[in-house]
Structures are given as structure tokens and as C-alpha cells.
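Please arrange chain P on chain U, whose structure you already have, making use of the hints.
Those protein sequence lines, which keep their order, are chains U and P.
Read in order, the letters of the first sequence are residues 23 to 380 in the numbering used here.
Read in order, the letters of the second sequence are residues 138 to 400 in the numbering used here.
What the hints contain is simulated information worked out from the structure, not anything from laboratory work.
Take the hints with a grain of salt, since some may be wrong.
Claimed, not checked - Here chain P is said to cover these stretches of chain U; the calculated rule only asks that three of the stretch's residues, wherever they fall, bring their Cβ under 8 Å from a Cβ of chain P:
| # | stretch |
| --- | --- |
| 1 | 30 to 44 |
| 2 | 215 to 222 |
| 3 | 236 to 250 |
As the list claims (entries may be wrong) - Within a straight-line C-alpha distance of at most 30 Å, the following computed DSS-like cross-link-like pairs (lysine-lysine) qualify:
| # | chain 1 | residue 1 | chain 2 | residue 2 |
| --- | --- | --- | --- | --- |
| 4 | P | 252 | U | 219 |
| 5 | P | 209 | P | 252 |
| 6 | P | 333 | P | 277 |
| 7 | U | 249 | P | 333 |
| 8 | P | 209 | P | 277 |
| 9 | P | 277 | U | 219 |
| 10 | P | 277 | P | 252 |
| 11 | U | 372 | U | 219 |
| 12 | U | 249 | U | 372 |
| 13 | U | 370 | U | 219 |
| 14 | U | 151 | P | 333 |
| 15 | U | 219 | U | 151 |
| 16 | U | 219 | U | 249 |
| 17 | U | 249 | P | 277 |
| 18 | P | 333 | U | 219 |
As the list claims (entries may be wrong) - Simulated DEER-style distance windows between Cβ atoms:
| # | chain 1 | residue 1 | chain 2 | residue 2 | range |
| --- | --- | --- | --- | --- | --- |
| 19 | P | 331 | U | 35 | 24 to 34 Å |
| 20 | U | 44 | P | 362 | 44 to 54 Å |
| 21 | U | 345 | P | 284 | 51 to 61 Å |
| 22 | P | 256 | U | 154 | 54 to 64 Å |
No experiment lies behind these values; they were computed from the predicted model shown.
Glycine is no exception: its CB is placed at the ideal position from the N, C-alpha and C atoms.
Here's the letter readout for the chains.
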Amino acid sequence: MLYREAGQFRATYAEDQQIFPLRQDRVAIGVLLVAAFIAVPLVADQYWLSALLIPFLIAALAALGLNILTGYAGQLSLGTAAFMAIGAFATYNFVLRVPGIPILAAFVLAGICAAIVGIVFGLPSLRIKGFYLAVATLAAQFFVLWAIQRIGWITNHSASGVITAQNIAILGVPIDTPRAKYLLTLSVVAVLALLAKNLVRSETGRAFMAVRDMDVAASVIGIPLMKTKLLAFAISSFYCGVAGALYAYTYLGTVEPEAFNLELSFRILFMIIIGGVGSVLGSFLGAAFIVLLPIALNLVVPPISEAAGIEIPHAIISNLELMIFGALIIFFLIVEPLGLARLWQIAKEKLRLWPFPH
Amino acid sequence: MTPSDRGIGAPILAVEGVSLAFGGVRALQGVSFDVREHEVRAIIGPNGAGKSSMLNVINGVYHPQEGTITFKGRSRRDMVAHEAAAQGIGRTFQNIALFRGMTVLDNIMTGRNVKMRSTFLEQSIWIGRARREELAHRRKVEEIIDFLEIQHIRRTPVGRLPYGLQKRVELARALAMEPELLLLDEPMAGMNLEEKQDMCRFILDVNEQFGTTVVLIEHDMGVVMDISDRVVVLDYGRKIADGTPDEVRGNQTVIDAYLGVAH
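Isolated chain P (complex conformation):
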């Protein structure tokens, strides 16, 4: 499919001149790129290049010293993480960040919390709006459970699940927010081939069926080249290349960053 078939449109997210430092460590230095609506955008780079920091800046976990983030036409330097969630930015983590004491169902339901309006008083009496909301959101969560094929583990505490399934539950929890922009931090790290193929399929389905814009960090170059529309390459906190997978693959700076240069 060509980009226009998938409805890739104007930029939904623009990152301009973002710099982030932790004391003397400069994690990001003047990074700029944009993400278009409905596209799959990959961020790659060697270890320590600042990829996860970039995602953390986009969804408000880290607060950059310089630069602006423009999401859906609203510019800001930083924000609180839960506000980013309310604006429609979903996120998964490199090291699984599920709520270990809760079941799969409750974990995914927590993703719907941001959409619930009833107060704790209504919820404690369990009538009216609170009950209706709980049931309506349960229905929506079940759709996501079907979509990601995890019906059989609904009632299992997530701590008991194998790694691959935990990654999938984390994706489910992010999808439950119905995000417009989904940030995936190494969704396929540590998976075997079959699990990777499943995960790729889910990511592409999410992008296609829900029209969700995806930004993902991934180390598996095969995956990146296959599923992404455009790729940003970071190295030592700077952007060194930006373009389609083919352009990036042929870029000499990128090859040098990954393989090293003879001096």
C-alpha cells in the first residue's frame, strides 16, 4: 500500500529543537522531527542514543530544558504525564511496567480510567453512572482482549504470565486508552521469532484498523525496515538521519554510527 492509501496526513506531532540534560549528561541535543497522522514512525539508534528519553519527553515523563512539542496543534515545552494521556498519547515501556498485583482484565480496565467520569462516591454505591460506565468500558476492553487474542488469560494475575504475553497485555492496556498516538518502547525486545511476528501483525493492525499513529523504538532492523514508513536515527542524543527505511539504510552516517569508523 502506498502512504496515501493509508490516509497518512499532516503532522500530528512535531518535536522541535528538544534538548534534555541530566546534570552533565546531555541525553538529547536539539532534536527535531515530525510524525504524520496514521504513519508508523521508527526511532532507531545505538544504545544510549536517547531514544527512550525522546519518548519520555513526548509523553511528559521527562521535562526538556529546551524545545517545544506540538501535538495536535498545541505547543508546549513539557507537561505532566497524565495530561499527555488525557490528550491521547498512549505508551508502553521497555521494561514491562504492568500492575503486577492485578489481573489482566483489571490492568486493561485501568487503561480506561482516563475516560471514566463517575466520582468515587457513585462508585462506592455502585449505582447509576458508575455502574453503567463500568459495564460500557468492560465491553470496550473485551473488544481489545479479542483483538489481541488474550481471552484465555483474562483472569490471570499478570505476574504469572510469560514475558511475551506480558508485553501483549501492556499493549492492550495502552490500546484501551484509544490513543491517537501510540509510543512503543522496544515492543519486541527479548521475543522469539514467532512472538515478534505476532507483535508486528498487531502493530500493523492497530495502525490500519484504528488509524492509530505509531512511534516505535526497535533494535531489530528487519522489523524496522518492514513495518515503518519513516525512520529517525539518533546517536549520542543528536539526530543523524531521517527518512524512509531505504534512505536511512543507505546513509553513510548511519552505517558509521552502527559499525564504527576507522580513524
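The following block holds chain U by itself, in its conformation from the complex:
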């Protein structure tokens, strides 16, 4: 009923190939954008912006990057955090060494640096697949962090390898309040998400999926495997690099290389598994889930334990979080390998007929 497409006729291919062919989707996305850009900054307090929404958006962007590589092009990677680190430290160096560089240009250049490194570490994908490729991308994870810690020039010879993000401004407006940082993050993520959505529904996206689903058939219909796989690595690493830059400049402020460790790579992998492999929306759902779950647990568990008369220490709550993550990942892998995005799609299909399914 709510989600009915009856009466919406698409008479041309242009209409049929719109980014959101259904009117309800267009309205929903419009409302969401208005809410995110206007309502949230007015309503949300500092805690919400800095501790919830900004990390959520950054995680979603990194998950989107990994999803392009793993979900669409089918190349498993465990090096996400390394590419984020390249983005963060490259931005730092561009701002440090190129006076007056606009921060957005620095983000883009840092993303391109990450893309180049991504291509290098994507080269093994031409010969190996799946689990073995994942192990090869682990090399990126360890090598990049090692390089950042060992090469003093990258951290401007900071003793502990810690860098402090410089103050940034866009067109003279300083980005120093949580609100400004939120709006910058949101704008970057919204634009990149739109680009990704367009990409995956066009020729490049189909080439990625073709390589993922059956690479011999893909090459037989004229898709060059090498170019396609490396392009997937490049675009994915670009997204992760920009996410890493935002991680440093709008979220943490002060970053050490260890912030981009293997655990972060795994968290992002969990996001796309839970959210939905091969779905732009899934990247956002998964990121929301993993960022918000610990907070939800902290809100929900203490009242329950109080009501039950048991004292649960904080340490157990945080362990509980890991246990729930583990259980959920197993649950999704077995029951719904396509994640929350698939559940949402099923819900939409049901809503087309609801409440009169006959």
C-alpha cells in the first residue's frame, strides 16, 4: 500500500533508468537528505555529532569503498584500514607541505595516493582469488603501517608517529565546530555515495559484477580482467583513502598509525557482511549497525541488569558487544548472506502488496 508502484508508468528508457525509479524512493531520499543537512545540525548536540554521526558517516564511506571491491568486484580484501591510513597521512602531508592547498583538493589527492597503492597491492588479484587474495592484501595492512611508523618524513619526524590534524577551512569558513565537521563529512559522503551508486549501475559496475560472478564468461564477452580488477582496487582504495582522511580531520583530530590496525579492517568487513555485500545501501546499514550497537547496548543493558538485580560490570558489557557481533556475523552468513540490505529489499517487496496481499 505504502510502497505501491501502480500508476507510475515509465514510458522511456531514460525514466526507467533513473537512479531511483520509484517515486517513494525519491521522496524518501529527499526527506533523508533534508533531515541530515538541516534538521540534524539544528537538533543534535555535540555528543551526537562527534561521537555518533561523524564516525557513522566515515565508517559508511569506508564500508562503501570495501563494498565496491568485495561486494561488487568480488575481490576479498583485508587491507581497508591501510588504505584509510594512506588517506589520512597523505592529507596531512599535502596540507603540511603545499601551502594554501584547499582541503577538499587535499582529500582528493590523498584518495588518489591511496588508489595508486591500492593498484599495487591489487596486482596479486590477477593471479590469485578468494582466501589467498585476502592473505595477500594483509600484506598491505602490515606494510603500510610499518612504512608510516618507520619513515619519519611521513609523520614529519614526530617521535611517536602521532600526527595532529591541522586546522582546516573551506572558503575561509573554519571547520572547527562539531557541527561544521559534521556538515563537511556529510557532504563528502553524500557526494561520493551518489557517484558510487551511479558507477555500480553503469558499464563499470556491470563489468565488476561480471568479473565477480564468472570471470571466464566476462573475458569472453570482452571485459578485460586485469583492467577491471585493478580499477576496482583503485576506486575502492580511493574511497577508503578519503574515509581515512575524514577519520583524521573531522573525527579523531590526533592520529597514530596504530589507529588503522587490522581490527579496523575487520570491523569494516563486518559492516559489509552485516549490511549487505554488493549494495550501496548495505554499506550504510552495516556501518550504522556496528557503530550504534555498542551505544545501544550501553543504554539497554544497565536498566535490565538493574531490574534483574544483578550488577554487570562495564568490562562484561564490552565483551557482550563482541559476543553479539560474533553471533550476528554467523547468523548473517548462514541465514541471509546478503545482509540487512536484502532484508530491507524483502520488506519493500512485501510492502508493495501490504495490507492486501491477495
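For chain P alone, kept in the frame of chain U given last:
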């Protein structure tokens, strides 16, 4: 119709002395034959005769140790598969090789990828050339969808389709490339009579309306004798006969290969 009515012309593809071995297994040994423009050429032979290997050599999936392939006047020993596609060689597989995670429409659109020129940057912004291309190729794909009568399953993920329709979608994807030479590896395997008749009709229509040259492997002798102009017979990687269906049918070596010989 006689061959000249259908415009069967000079050889478009010539295979000369092709030998292919996997370690000690000699899949093809000095096989030579040609395929004329606009003809329907069948490759038959008992199991393991090297028929699929032959197709894989023609479109660059396997690289032969000896011999040359001449396609449209250009000779080569081997090539990369996607280059063969760019030169106009289309292909379907014996075991369906569709992209299971994608819809029928997207699968067929993927067949047009080779003709798209816009870069990924243009595509991600979805303006100008990228958008025009997407719409123009969609129109072409819809023509193929009409031609093969699969309008009703356009939006269905191919994994959900029955076998016969999957075979048809695979043909559609190959046709979307607008190939000059279409290689069909057992297009009718596992089909019932009605599906086979449909598939025969589609193959003949493709050959007639688009002038596509067809090379097909098929085990159903009735089909082979009905639709092909000339037949190559392979056995243990060697060519044992080559000619019109009638000539091949009467050839004693062929009969021996299929039925066995008393020693």
C-alpha cells in the same frame, strides 16, 4: 534455400593445423577447417573429441601450441579472450556461464560493455556521453530481448530462471555483442523438444536476419543435420570428416567413430 541465396561467401575464419595439449593429454592434433561467411557450421564428435577445446582456441580462452587461426584476414596463434570479443567473436558455454547475481537485463547489457566508450568518471557523474550510451545501448538490448521473446523476465535475477530460459538469456548476451561469428557450445543440451525447436528457430533467425556466422557444437544429430550447412567431425582430437550433412552421414569413418568398429 541454396547457399548462394543466403549470401554464403568467402571463409571468415580459417583454422590451420591447430594442436593443443594439456600436459600429456593431446586435446587437438593438427586440426584444420574453415568457416564461410553467413554459414552455419557444426562441429560434432563423440565425448572428449576436443569440440569445446576447439571453440576455446578460436575465442582465445585456450592457447594452442601449434597452428594459426585466421579471422577476417588476421592470423594469430593465440590471443586474449577479451580481444577476440572486440574483434567480433561471441560465445555461449556448455555449462551456463551467466552472471548469477545480476538480472536478465543487466546480463544482456554486459554484452554491450565492449561497445561502450565512456570512462568510469563520466559514468559516476551520469551525464553526457555516459548517459547517452547507457540509453542507446538499452534500446539495442531491448531489441534483442524482443527478438528472443524474453520480455517478461527482464527484471528477474538469472539464478531464478529455469534452465531453458537461462540458455536463451546466454544467447541474448552473446547477441548483444553483435558478433560476426557466434560460437555456440551445445545450445540445446538438456532441453525438451519444444525448447529445442525454439532454440533452432532462434539460431536460424540470427543467421538469416543478422547474417551472423554460426559455429555450433551439438549432440542431437537431427538438429545438426537440419540446420547446418557443413559439418566438421572430430574424434580423439583429430578431424575425421568435413562436408555437408549428407556427405558426413554417409562417411564410413564417422559411422565407425560413433558406433565403434569390430576388431
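Hint by hint, here is what the structure shows:
1. Counting residues of the stretch 30 to 44 of chain U whose C-beta lies closer than 8 Å to any C-beta of chain P gives 5; at least three are required, and the coverage claim holds.
2. For a cut-off of 8 Å, the count of residues in the stretch 215 to 222 of chain U with a CB near a CB of chain P stands at 4, and the three-residue condition holds.
3. Figure legend: the stretch 236 to 250 of chain U, annotated as covered by chain P; annotation consistent (11 residues with Cβ-Cβ distances under 8 Å, at least 3 required).
4. Under the criterion of a C-alpha separation no larger than 30 Å, the hint pairing residue 252 (chain P) with residue 219 (chain U) is consistent with the structure, at around 22 Å.
5. Of the pairs offered as hints, the one joining residue 209 (chain P) and residue 252 (chain P) holds, with about 19 Å between alpha carbons and a cut-off of 30 Å not exceeded.
6. Using a Cα cut-off of 30 Å, the hinted pair residue 333 (chain P) and residue 277 (chain P) holds, with the two alpha carbons roughly 26 Å apart.
7. For the given pair, residue 249 (chain U) sits about 38 Å from residue 333 (chain P) by alpha-carbon distance, which is inconsistent with the 30 Å threshold.
8. Taking the CA atoms of residue 209 (chain P) and residue 277 (chain P), the gap is near 25 Å; set against the 30 Å cutoff, the hint holds.
9. Of the supplied pair hints, the one linking residue 277 (chain P) and residue 219 (chain U) holds, its CA atoms being roughly 24 Å apart against a limit of 30 Å.
10. Distance restraint check for residue 277 (chain P) and residue 252 (chain P): the Cα-Cα separation of roughly 12 Å lies within the 30 Å cut-off, and the hinted pair is therefore satisfied.
11. At most 30 Å may separate the alpha-carbon atoms for a hinted pair to count; residue 372 (chain U) and residue 219 (chain U) meet this at roughly 24 Å.
12. For the hint linking residue 249 (chain U) to residue 372 (chain U), the alpha-carbon distance of about 40 Å lies beyond 30 Å, and the restraint is violated.
13. Restraint check for residue 370 (chain U) and residue 219 (chain U): the C-alpha separation of about 19 Å stays at or below 30 Å, so the hint holds.
14. The straight-line distance between the Cα atoms of residue 151 (chain U) and residue 333 (chain P) is roughly 37 Å, outside the 30 Å bound, and the hint therefore fails.
15. A threshold of 30 Å between alpha carbons decides the hint, and for residue 219 (chain U) with residue 151 (chain U) the separation of about 26 Å falls inside it, so the pair holds.
16. Proximity of residue 219 (chain U) to residue 249 (chain U) is assessed by CA-CA distance (about 20 Å); at most 30 Å being required, the pair is judged to hold.
17. Simply put, residue 249 (chain U) and residue 277 (chain P) have alpha-carbon atoms about 26 Å apart, close enough for the 30 Å limit, and the pair holds.
18. Our distance criterion of 30 Å between C-alpha atoms is broken by residue 333 (chain P) and residue 219 (chain U), whose separation comes to about 40 Å.
19. Between residue 331 (chain P) and residue 35 (chain U) the beta carbon distance is about 32 Å. The supplied range of 24 to 34 Å therefore holds.
20. In this structure the hint that residue 44 (chain U) and residue 362 (chain P) lie 44 to 54 Å apart at CB holds, the actual value being about 51 Å.
21. Between residue 345 (chain U) and residue 284 (chain P) the CB atoms are about 56 Å apart, so this pair conforms to the stated range of 51 to 61 Å.
22. Range check, residue 256 (chain P) to residue 154 (chain U): about 31 Å between beta-carbon atoms, so the 54 to 64 Å window is missed.
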